Every structure is written in structure tokens, then in C-alpha cells.
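Here the protein sequences line up with chains A and B, keeping their order. If you count by this note's numbering, then the first sequence holds residues 9 to 173, one letter each, in order. If you count by this note's numbering, then the second sequence holds residues 4 to 851, one letter each, in order.
Heads up, some of the hints might be wrong.
[Claimed, not checked] One-sided and incomplete, this derived list gives chain B residues near chain A with beta-carbon spacing under 8 Å:
1) 369
2) 440
3) 441
[Unchecked claim] Once the Cα atoms are required to be at most 27 Å apart in a straight line, the calculated DSS-like pairs of lysine-lysine come out as:
4) B:192 with A:22
5) A:61 with B:784
6) A:22 with B:109
7) B:226 with B:192
8) A:19 with B:784
9) B:269 with B:342
10) A:61 with A:130
11) B:507 with A:22
Hint data in this document are derived by calculation from the structure and do not stem from the laboratory. Note that the structure is a prediction, hence the values are computed from the model and not measured. Ideal Cβ positions, reconstructed from N, Cα and C, are used throughout, including at glycine.
Here is what each chain is made of, one letter per residue.
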Amino acid sequence: MGEDFQRNQLKELKETALPCFQCGVCSSSCPVFRVSPELNPRLSVDSIISRGKVPSEGNEWLCAYCLMCDQRCPMGVSLAEILMVIKNISAREGKAPPDVIESAESLMADGCQSPISSRSEKQREDMGLPKLPRANPADVQMLFRATGAAEVVELNRKAVEEASE
Amino acid sequence: MTTSHPKGSSAGPPEAEVVSSEPELRIGVFPCKCGKNIGAVVDIDAVAEYAKTLPGVVHVQVNTYTCADPGQREIQEAITQHGLNRIVVASCSPTMHEDTFRKTVKAAGLNPYLCIMTNIREHVSWVHQHDPKSATQKAMDLIAMSVAKAATLVAQPELDVPVTQAALIVGAGVAGMQAALDLADAGFKVHLVERQPTIGGIMAILDKVFPQNDCSICILGPKMVDVAKHPNISLITMAEVESISGYVGNFEVRVKQRPRYVDMDKCTSCGDCVEVCPVDVPSRTDQNLTWQKAIQIPFPQAVPSSYFIDPEACLGMDLIRCGKCIDRCEQEAIIPSDKAKYIDFDVGVIILATGFKPADPSKTPRLGWGRFPNVITTLEFERLINAAGPTEGKLVRPSDLIKPTSVAIAQCVGSRDIGTRSACSNYCCAESVKCALLIKEHYPDTEVTIYYQDLRMHGKYFEDQYLKAREEGVKFIRGRVGEIQQYPDTKNLRVSVEDTTHNKLSMETFDMVILSMGAEGAAGDFPLPISCTSDSFYIESHPKLKPVDTSSAGVFICGGAESPKDIRDSVIQASAAAGRAAIILQKGRYPIEALSAKIMQDLCSRCGTCVSRCPYGAISQDGTGKFTIMGALCQACGTCAGDCPQDAIYMPNFTSQQIEAQIETALAENPSDKIVAFACAFCSYRGSDLAGVSRMQYPTNARVIRAMCSGRYSVKFAQKAFELGAGAVLYSGCHLPADCHFQTGNVWMAKREPRIRGWMKRNNIEDERFRVEWVSAGEGKKWQTIMTEMANAVKTPRKNIPTPKTQTVAKSEKSAKSKTKTTSKDKQAGKPRSPSKGASQKKTTRKK
Ligand SMILES: Cc1cc2nc3c(=O)[nH]c(=O)nc-3n(C[C@H](O)[C@H](O)[C@H](O)COP(=O)(O)OP(=O)(O)OC[C@H]3O[C@@H](n4cnc5c(N)ncnc54)[C@H](O)[C@@H]3O)c2cc1C
Ligand code: SF4
Ligand code: SF4
Ligand code: SF4
Ligand code: SF4
Numbered sequence: 009m010g011e012d013f014q015r016n017q018l019k020e021l022k023e024t025a026l027p028c029f030q031c032g033v034c035s036s037s038c039p040v041f042r043v044s045p046e047l048n049p050r051l052s053v054d055s056i057i058s059r060g061k062v063p064s065e066g067n068e069w070l071c072a073y074c075l076m077c078d079q080r081c082p083m084g085v086s087l088a089e090i091l092m093v094i095k096n097i098s099a100r101e102g103k104a105p106p107d108v109i110e111s112a113e114s115l116m117a118d119g120c121q122s123p124i125s126s127r128s129e130k131q132r133e134d135m136g137l138p139k140l141p142r143a144n145p146a147d148v149q150m151l152f153r154a155t156g157a158a159e160v161v162e163l164n165r166k167a168v169e170e171a172s173e
Numbered sequence: 004m005t006t007s008h009p010k011g012s013s014a015g016p017p018e019a020e021v022v023s024s025e026p027e028l029r030i031g032v033f034p035c036k037c038g039k040n041i042g043a044v045v046d047i048d049a050v051a052e053y054a055k056t057l058p059g060v061v062h063v064q065v066n067t068y069t070c071a072d073p074g075q076r077e078i079q080e081a082i083t084q085h086g087l088n089r090i091v092v093a094s095c096s097p098t099m100h101e102d103t104f105r106k107t108v109k110a111a112g113l114n115p116y117l118c119i120m121t122n123i124r125e126h127v128s129w130v131h132q133h134d135p136k137s138a139t140q141k142a143m144d145l146i147a148m149s150v151a152k153a154a155t156l157v158a159q160p161e162l163d164v165p166v167t168q169a170a171l172i173v174g175a176g177v178a179g180m181q182a183a184l185d186l187a188d189a190g191f192k193v194h195l196v197e198r199q200p201t202i203g204g205i206m207a208i209l210d211k212v213f214p215q216n217d218c219s220i221c222i223l224g225p226k227m228v229d230v231a232k233h234p235n236i237s238l239i240t241m242a243e244v245e246s247i248s249g250y251v252g253n254f255e256v257r258v259k260q261r262p263r264y265v266d267m268d269k270c271t272s273c274g275d276c277v278e279v280c281p282v283d284v285p286s287r288t289d290q291n292l293t294w295q296k297a298i299q300i301p302f303p304q305a306v307p308s309s310y311f312i313d314p315e316a317c318l319g320m321d322l323i324r325c326g327k328c329i330d331r332c333e334q335e336a337i338i339p340s341d342k343a344k345y346i347d348f349d350v351g352v353i354i355l356a357t358g359f360k361p362a363d364p365s366k367t368p369r370l371g372w373g374r375f376p377n378v379i380t381t382l383e384f385e386r387l388i389n390a391a392g393p394t395e396g397k398l399v400r401p402s403d404l405i406k407p408t409s410v411a412i413a414q415c416v417g418s419r420d421i422g423t424r425s426a427c428s429n430y431c432c433a434e435s436v437k438c439a440l441l442i443k444e445h446y447p448d449t450e451v452t453i454y455y456q457d458l459r460m461h462g463k464y465f466e467d468q469y470l471k472a473r474e475e476g477v478k479f480i481r482g483r484v485g486e487i488q489q490y491p492d493t494k495n496l497r498v499s500v501e502d503t504t505h506n507k508l509s510m511e512t513f514d515m516v517i518l519s520m521g522a523e524g525a526a527g528d529f530p531l532p533i534s535c536t537s538d539s540f541y542i543e544s545h546p547k548l549k550p551v552d553t554s555s556a557g558v559f560i561c562g563g564a565e566s567p568k569d570i571r572d573s574v575i576q577a578s579a580a581a582g583r584a585a586i587i588l589q590k591g592r593y594p595i596e597a598l599s600a601k602i603m604q605d606l607c608s609r610c611g612t613c614v615s616r617c618p619y620g621a622i623s624q625d626g627t628g629k630f631t632i633m634g635a636l637c638q639a640c641g642t643c644a645g646d647c648p649q650d651a652i653y654m655p656n657f658t659s660q661q662i663e664a665q666i667e668t669a670l671a672e673n674p675s676d677k678i679v680a681f682a683c684a685f686c687s688y689r690g691s692d693l694a695g696v697s698r699m700q701y702p703t704n705a706r707v708i709r710a711m712c713s714g715r716y717s718v719k720f721a722q723k724a725f726e727l728g729a730g731a732v733l734y735s736g737c738h739l740p741a742d743c744h745f746q747t748g749n750v751w752m753a754k755r756e757p758r759i760r761g762w763m764k765r766n767n768i769e770d771e772r773f774r775v776e777w778v779s780a781g782e783g784k785k786w787q788t789i790m791t792e793m794a795n796a797v798k799t800p801r802k803n804i805p806t807p808k809t810q811t812v813a814k815s816e817k818s819a820k821s822k823t824k825t826t827s828k829d830k831q832a833g834k835p836r837s838p839s840k841g842a843s844q845k846k847t848t849r850k851k
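Can you make the complete structure from the sequences, with help from the hints?
Here you go:
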């Protein structure tokens, strides 16, 4: 992974962003922008094009991945993908927001994000449905390690701790 | 195609043979110094000495400026004195002076097609400034190649055809009307064909027209009447062109006219019929905002001023089913038995003025047109604000017929969007500002906001309009509308836009939204193969220098059919097209390019491959199964010849024999250092010239062979070059997909690449030794890069040289022989680095 990979990723990002002519259709279509003006997909793209950099404010983490911007962009810019890559790059730099890291950690620990409640277990039983399999944290951890996500979580955990010191 | 063509059929003996039987070849070579341009790099005197040794050359004369008057005179004198019958001028690019020198030799009584040029400036001295030795060597090689080609040149007849002094103009919008009036005033007969029941096009239904905002029909109406009354114009409405055959000067046209069911001469446009007609249909003129009858007139000023019946809406023109109008019309103008008819005529030129379509708002669903009644298009607005429109000029909301108090205008709808049309539509910014001004003029209290992405008020007087709109209080907000939502109860509209100047979301509510619709191309749906852009506008012959010509001689374009534009530009283009057309009509005769392909019937296997290759439909099969090429339609691209499996197509000046002679000569010595580079006359050759003009330096390995079009490069040329040991081969052409001057030559060339690569693989030739490249006339830099990269590729020697599979023993003997000849000649000449060529047997034998 290293710098080469990062540089390549940034290069690809620029190519994907290049057709954007800053019309604002994406932002005015974005449901998140309506309530949290910090997430402006147009400005995220602009930062890639005109500053050649991944924006450092971390606003892209607000994206709900609804793909509305992607769908409507008159230039066919894959915005949601761009935002995702921005998130990936900044996570590798240890800049993921703490709450994202926390939920990743809980996923690794429990094997799932929301455990099956006893109520739904009971309901299933009443309806004669089979039991749901238990999440196995070991499987999830294996995935995290194989994909390198574990390292990224680790890196960000350290960054969070350093920041709090 | 039914017309017999003026050059005679392509049957008869293959003319290539005539050449070889020609008794004596007397070639004159004229190396030029071009002042210091060539002379400072290339050793011209050495080149001249060398040229004297070439087979068939009887006269060599160096000149400082061959293109100047004295230089041209010297060529003419040499032709007379030395009885020269082939001329090679080694100087600048043929793009520059081929025409000049052809005229020179013609004045001396030689057929102009017997003169060719060798490019030792753009291809040699300007690009190899620091390597005079290799540059001189390359100049010698190029001249030897030209001499080899000159040896097989054949005189081509110079032809012209008579011209029918009449014009067909298709489409009677403002552009077609203008072109028709101009040509008719100049005294030519004009057949003006219009699809609709009236002429006038889009302009006839507009209210006011920018930039002065004068009344559209008031300025157009009188012009429409002029068209109707002009003795030289025959107006055919409700009609379309069914078929066209022939060629420039001699087109045969068949028009199909739909029945009108009303006698135009009898109808007085009293409108009595409308009162009794029981059928209501949505009004086309009024953009479906109101109703009209099955018997109708588009608008009061329509020309011809006559009603017509829409047969799909009519219940039946007889007393059983309806027939009320027949009963009512006192003029007895209604003709229930009216039928479609065909009208045939001949013309010399054609002008296409078929306009564009306003873009379809339903293709941009996020803006709600069709779902929300108060979202309308600019064209619907034109009708609403028009005194002759459905509301008599009162602007109201379609949902409740109440006057809106706030109106938003959303720009770039259907334009600048890869989902609809990616280009800008040119007129709609000005159209939006006009709409805003019209609203303010009628209802000053109305709030008007224009949401724009870029405001392109580029035309004459446009900026004044913009300033006026600002003065009137029109709000301009930068940002393209993201979506429009409707409040279900009030039918008001909420417009979401990011104000990109302030990076803020704006969600204002409006009573009405106008979508500023762009243009959608409508060209191409026509029985003549005129090439179109991917968004369906006709392509001009040259974007700057021949903007109203097409690549088909005698066919011109103007107005919205060429690209989206406003009225003024449409009229300018229409007059330009009429002027260009008049040049052909007035002369009465039209010279046609002598270089047209011919099929050598004795070789043709009647496979029919060529038919699909020809972009001009010039090849057809007659009843006996014989394929022939109609000379006047052929534009000499050579694509047919490039794919003819029998090599049965004779391409004058670019015959296979000539090209192969050039390849052989180019590779006579040190073939593995050489790049045989094919370049097409309109793009890549010009790109290579540009590299020269820009003095972009590159290695000297390339030996360029010019053809009219990349479609001419057969598979076998590359094979031949590799068999002779070429280090590399380049096939270069105009950019895919649409840049080809001959429409599709490059596409067919590209299809040959896999075949060449497969053959190379089987023969163990490294892939990188063959390249297909697209070089436009502006890409000198690219040419330089390709040349440099390929020069690197030929640094490593060839692994394997295939022995030609198809060639006979005699042929391989020939190449062996020529090798020995070369060495012996080297000795004779006694030069250390002999530039001597003498590769092919033909040459050496002639020399003896
Ligand atoms: C809403 C709107 C507002 C505009 N406002 C302005 C303005 O204010 N000022 C301005 O300068 N410009 C304006 N324009 C642009 C203007 O309309 C065009 O510049 C002009 O109409 C172009 O003229 P044309 O003759 O090329 O095409 P058209 O007006 O489109 O005429 C083409 C004609 O060809 C006919 N036709 C098409 N195909 C065939 C066929 N195959 N056979 C026979 N006939 C055929 C059509 O029926 C039509 O009559 C506006 C355009 C729109 C859409
Ligand atoms: S919609 Fe597309 S072109 Fe417009 S600002 Fe967003 S990314 Fe750029
Ligand atoms: S994908 Fe993200 S940025 Fe795009 S519209 Fe949805 S939430 Fe907004
Ligand atoms: S003219 Fe204006 S509104 Fe029309 S496409 Fe171009 S920029 Fe958009
Ligand atoms: S393909 Fe080209 S050379 Fe052949 S007949 Fe057609 S225009 Fe002429």
C-alpha cells in the first residue's frame, strides 16, 4: 500500500473529478446538504480539482451514500465514489472521525453492528421461524485483517488517543 | 442511382496497364533550396547529383525558390526543352504547393496529374536541423520514392459536368426562406420543400425576438409573403424529399407531398369550416396549451394562406361519418379525394435548412415538467405571452389561470448535460433574459429570478439586454437548479438551487417556473448521406473556412440544422449558403475531381465488399452483377481499394503499384532502421507538416507515404513493408470516430489493425513495430512524439523477416538480384556512404 498507491488514488480521483463544471446540481440535490451545509459535494469535488488535495475538514463523512448527486450530475461525475475515496484516503492518514472508528471497533468486537434483540428472537420463535445465526466476531476480524481495515482502525485509534493526550 | 455518369463506366481495360506500355519515361526533378529553409540543412547539390542517377530521370535542376515566378518558368522551359513527361518538385509540403505546380505544368501542356511533390522541408530540413547528414540522406530517399511513383503516374482527364440551374432548399424556416429568396432574386429557380402546412419554422410562433425584442411575426410575415409570391420560387408544403440521386450539378429529386384535402386556390381562409368541425385536437402551434379543429390553419399569417385537414383527427370527409365542413364551405374548396402525390424535378445544388428541435423537457425529470402544471418551457411561455396565443397574451399559470407573482427561469435544460446534449445551445441564455424582460414589460411587479450556470450573452447587443434586465430588477443567481418540487395544494413550486457564489442552498417558492430549453439536433433524417455530429447536426466541410459547405459537393447547410443558433446567425448562414450555391449555379459547369476510383473488371471477383466501404454510395451493382463506381460521386478516399480482397480497384495517383514502389524504394537500404509511415492528406499528414512548421525535431528514420485517406492503407502494405525488412510501420489517420474527412475511412482502417497484428504474430514480428495512431492537423507535437518513440522501437534489429508467402520465386529472386545490383552500383559510385537506391528491378532494368 504505501505512498505509490496513495498517489495513484489521488491521480485517479482527479481524473474522475475533472469533468465537473461546478454547476451545483449535486449540492442542491443532496438531502444531507439541506440539513448540514458542511457537506457540499460540489466543494469536495472542487477541492480535488482546483487544490489537487483531499479536503481536510472531514465533511465527506456526513455523506449518506444515497447516490442522488451521482444520478443527477450532468457531467456524469461519480460523486459518491469520489466522496468514498476521499474518506478512504483520509482514513489511511488517520483522520477518520472517532465515532466512525468506534463503530468499526464495536463491529470487530461483536461481529455485528446491532445485535439481535431478545424481542425479535421471541417473535421469530412465535412465528415458527428458524433461529438466526449468531455473529462470529472471529470471521469479521479475519475480514478486517485481510482487507487491511484492521490496520486503518488501529492507526486511527492511535491518532484519537494522541489527540486526546 | 439511375443517372449515367460523365466519366463513363469503370468497365474497360485497367488503365494501369497503359502506363507500362508507354514508350519513354522522361522525368524531371527540381530540388528546391527554399532559400536557407532547405538549403542550410540539406546538401541540395548532392541531392541533385543523386537524383540524376535515378531511373527515368533525364533532367535535374536546382532552384533557390522554385515556387517563385522564375522557378516556375524554369520548369515550363525544361518541359519543352527536354520533353519531360513527369515532374517531381522536391521542396515543401504538397499541401502548400501541389496546386501551384500542377498549374505550372498544365500551362506547359503537361497533364497536371503527372506532377508530384517531395516534401523535403516540413519532413526533412525543418525537423532534422541538427543532423544534416542524415537529413540529406532522407531527402535522397524521399526523392527516390517520388521518382519511383512518378514512373507509374497516369494522365487523368480533367472533367466538368453541366449544371442544372435550379436549387432544392429543404426546410422553410427563416434560414430556408432567406436562402430561397437570395437565390430566387439572383435569378435561379428554387424548389422550397417544407414538411409543415406553413412556412416560417420556429420563428413564426415566437412572440418577440431578442436582442431588440421586436415582434417576430411582424418581421417574418412579410418575408413569408415574399416567398409565396416570388415567381422563381416553387413552394411545396406538407412535403418531404423522398429520394435524391445524381451528383453536384445534376441531382434528381423526388418529393412526396401529403394531401391537404383543401384546395389552396379556392380557400379564402374565411374559417367558416372551423365553426362546424366537431373534433378538437391539441394545438401544435400553441404547444398543446389549447385546442384546435381537425380542419385548421396553423396561425392567421400562415403561408400558404389555406386551411388543411388533419386526416388522423377528421371523422370522415363524407356525409355519412361527418362531412360538415364540405357542406359549409361556400368556396367548395374541400377535396375529400385528395391524395399524396410525387413531384419530380432536377436541381444543381441543395441547401439543407431543416432547423433543430427544441429539447424535450421530459428528458430532465428532476425538474418536474409534465408532472407539475406550472413548470413550462420557453416555447410554451412564448405562446402564453403572445397576443395571438391561447390566453391572448395574458401570462397565467396553467393550473389555475391566475397571473403568477413570482417566476423562476431555469437555464441549461437539455443542454450541457451528457444525458441529453453535452454542448451549449447558444441561444437560450439570451432567450431567458428575453423572457424575463417580457414579463417585466407586461407585469412590472412580478418577481423574476434567473438561475444560471454561466450567463453567455455573447452576441451583438446582448449585453444591453442583460443590463436592462438588471435595471428592471430581474434577479440573477448562479447555480443550476437541482430539483423542483410542487406544493400539492397551491401547486406552487419549490426550487432547490445551490447559490454557488455564496456556497449556500437556496429553496425559494415560485408561482411558476420556465425551463430554458436548449436545442436537439434533428439532422440526418434525410435521403442523402451527409455526415452528422453525434448530437445530430450536419457537419460542415471545414469548421472555419467552409462553414456552410458539406463534404458532398453541391450540398450546403445553414441555420439550426448546422448548429443551434439565433435568427440573425441563421440568416447570415443562409445568405452564405445561397452565395456558395450561386457560384456553382451561375457558372453552368462544374469541374469534378478527376481522381476517382475504377474497378478493374477482369480482377473483380464480385464479392461486393467495396459497396459497404464507400461513404458516398458511389458503388453499385448493375443487373448483370457487375460493380461500377460512379465517378462524380466518388471522392477518391480509396477506402474501397483498401479492403478489396482482389486489389481490383484502381485508385489513380494512389495505386497499389505506386504505393508498393514507394515502399520498396524506401526500404532498399538498411530497411530495419526505417519507419514506413503512412499519413492521410487531411489530418495526419497536416499534423506532420505542423511538426515541421513548428520546428519540432525528431529522428530521421521515417519515410512518409501520403494517401488521400487512411481508408486506403491496405493490410498488404504493412505486410509488404515488413517482408522487406522495415523496422516499423505507422498507419496514421484522422481521429476516431468522426474526424475523417471522408467520414468513415479511419473506421475501416482501424478494423484492419487486428488482421495486421495477427499476421505479425504468426510471423514473429514484435507488436510495437506496428502502430495505428490518430493525429489531427493540429497535433504536430503528437507526430513528434510518435516519431521519437518509433525511432526507439527500431533501434533493436528485427528478429525475423518473413519470406513473402504469396509471392512467387521469381519475386524473391528479384529482391536478391536488386541487392547485388545495389552493391555493385555502390562500388561504381565510389561513395563511402552511398545514397544510391536502385532497389527494384524495374529501376535497374530501366537504367540499363
Ligand atoms: C423557444 C425559442 C425561442 C427563441 N427565441 C429567439 C429569439 O428571441 N431571437 C432569436 O434570434 N432566435 C430565437 N430562437 C432561435 C430561432 O428560433 C432559430 O434561430 C431559428 O428558428 C432557426 O431557423 P431555421 O430556419 O434554421 O430553423 P427552423 O425555424 O426550425 O425551421 C426549420 C424548418 O424546416 C422544416 N423541416 C425540418 N425537417 C424537414 C424535412 N425533412 N423536410 C422538410 N422540411 C423540414 C421544419 O418544419 C421547419 O419549418 C428561439 C428558439 C426557441 C426554441
Ligand atoms: S453536479 Fe456534477 S458538474 Fe455539477 S457541480 Fe456537481 S459534480 Fe460538478
Ligand atoms: S451520495 Fe452523499 S453527497 Fe451525494 S447526494 Fe447523497 S448524501 Fe449527498
Ligand atoms: S446558452 Fe446559456 S442556457 Fe443555453 S445551454 Fe448555453 S449556457 Fe445554458
Ligand atoms: S470508397 Fe472512396 S474511393 Fe471508393 S468509390 Fe467510394 S469515395 Fe471513391
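> residue 61 of chain A and residue 784 of chain B: Cα distance at most 27 Å?
Replying inline: 30 Å, violated
> Can the restraint linking residue 61 of chain A and residue 130 of chain A be considered satisfied, given a maximum Cα separation of 27 Å?
Replying inline: This hinted pair is violated, its Cα atoms lying about 52 Å apart.
>> Check whether the Cα positions of residue 19 of chain A and residue 784 of chain B lie no farther apart than 27 Å.
In response: 24 Å, holds
> Should the hint that residue 369 of chain B touches chain A count as held when the rule is a Cβ pair under 8 Å?
Replying inline: Holds: closest Cβ of chain A sits about 6 Å from residue 369 of chain B, inside 8 Å.
> Holds or violated: residue 441 of chain B as interface residue toward chain A, Cβ cutoff 8 Å?
Replying inline: 26 Å, violated
> Does the structure keep residue 269 of chain B and residue 342 of chain B at a Cα separation of 27 Å or less?
Replying inline: 17 Å, holds
> Keeping to a limit of 27 Å between CA atoms, is the pair of residue 507 of chain B and residue 22 of chain A held or broken?
Replying inline: Satisfied, since the Cα-Cα distance of roughly 24 Å is no more than 27 Å.
>> For a C-alpha distance cap of 27 Å, please report whether residue 192 of chain B and residue 22 of chain A respect it.
In response: Violated: residue 192 of chain B and residue 22 of chain A sit about 58 Å apart, past 27 Å.
> Is the straight-line distance between the alpha-carbon of residue 22 of chain A and that of residue 109 of chain B 27 Å or less?
Replying inline: 58 Å, violated
>> Next pair to validate is residue 226 of chain B with residue 192 of chain B; report whether the Cα-Cα distance is within 27 Å.
In response: 18 Å, holds
> Against chain A, is residue 440 of chain B within 8 Å by beta-carbon distance?
Replying inline: 24 Å, violated
When the structure is compared with the earlier hints, violations turn up for hints 2, 3, 4, 5, 6 and 10 and for no others.
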